[in-house]
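Chemist: The working numbering numbers the first residue of the sequence shown as 494 and each following residue consecutively.
Hints are computed from structural coordinates only; laboratory data are not their basis. Bear in mind the structure is a predicted one, so any value in this text is a computation, not a measurement. Note that beta-carbon positions come from the ideal geometry of N, C-alpha and C, so glycine has one too. It is possible that some hints are incorrect.
[Claimed, not checked] The calculated lysine-lysine pairs, modelled on BS3-like cross-linking and capped at a C-alpha distance of 30 Å, are:
| id | residue 1 | residue 2 |
| --- | --- | --- |
| 1 | Lys648 | Lys676 |
| 2 | Lys621 | Lys676 |
| 3 | Lys686 | Lys608 |
| 4 | Lys608 | Lys621 |
| 5 | Lys648 | Lys608 |
| 6 | Lys676 | Lys686 |
[What the hints assert, rightly or not] The calculated label-pair distances, taken between Cβ atoms and stated as ranges, are:
| id | residue 1 | residue 2 | range |
| --- | --- | --- | --- |
| 7 | Tyr615 | Arg751 | 16 to 24 Å |
| 8 | Pro639 | Ser547 | 35 to 43 Å |
| 9 | Pro714 | Pro639 | 21 to 29 Å |
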Amino acid sequence: MPNPRGIRIAVQLQPVHCTYDALRAAVSYVDRSGADILFNSDHFFPSIGDDSGSCFEAWTMLGAWAEQTRHVQLGVSVSGNTYRNPHLLADMARTVDHIARGRAILGIGSGWFRKDHDEYGYDLSDSKSRLHGLHQSLEAIRYRLPRLNPPPAGKLPVMIGNGGDRKPPEMVARHADIWMDFKAPQMVRAYNKELDSVCEIIGRDPNSIERGIAVSPGDIPHTQEFLDAGCTLFMVRTAGPRFDLSFLPEWIAWRDMRNGR
């Protein structure tokens, strides 16, 4: 089903192989750039490059970003459910949402990076168990958010990520405001078509779920494939030590052109 929403650009700054000062400078640049969303990643060790390199914890850093920024929405792409208590995660996201004055996104996935689990004493388990745990956590988050005092400052959209285990479309249709995929265009198209069908079965407007895709800085020539697959949110990824953001003006200009600005 065609999606009438406009294109948005997110930047994921993976907080690895870097100093805090370099990361902070990158955050300020993204916030001034006109980008729509700023994400980090939830690992205790780098999942790219040397896994013994420097790495900063995601949610602590997101609170700092919430105070530092003024324009972008903020989130973790995505929190590892295997090492995040869902009630506490809801509370953390609600608190960040207040610091950010309603700009937070609660991102969650099933978890996948083995070293995070082995080193910190968490059970990675198998795919079936991880998906069952994610389903339970999404139910718990839905229960907890309206019971927090004060409640979130804004809508606090829930984003589910598809970087590891394939998430059942039924889970996404019932719980996601944003769906972030990491797959090839053909797979994304097939999944989005299935997700549309499930939404219609349960009585949800398929267009109420924003469809995202993780891309590389040089992927603008391939954007049409993802647009045809139903994606309107493009998350462009970069990491330390340099946080090269030279790609960002071109992506924002492309967004504005496609949105008719």
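Chemist: I'd like to know which numbered hints this structure contradicts. Please list them from smallest to largest.
Modeler: Checked against the structure, the hints that fail are numbers 3, 5, 7 and 9, while the rest are satisfied.
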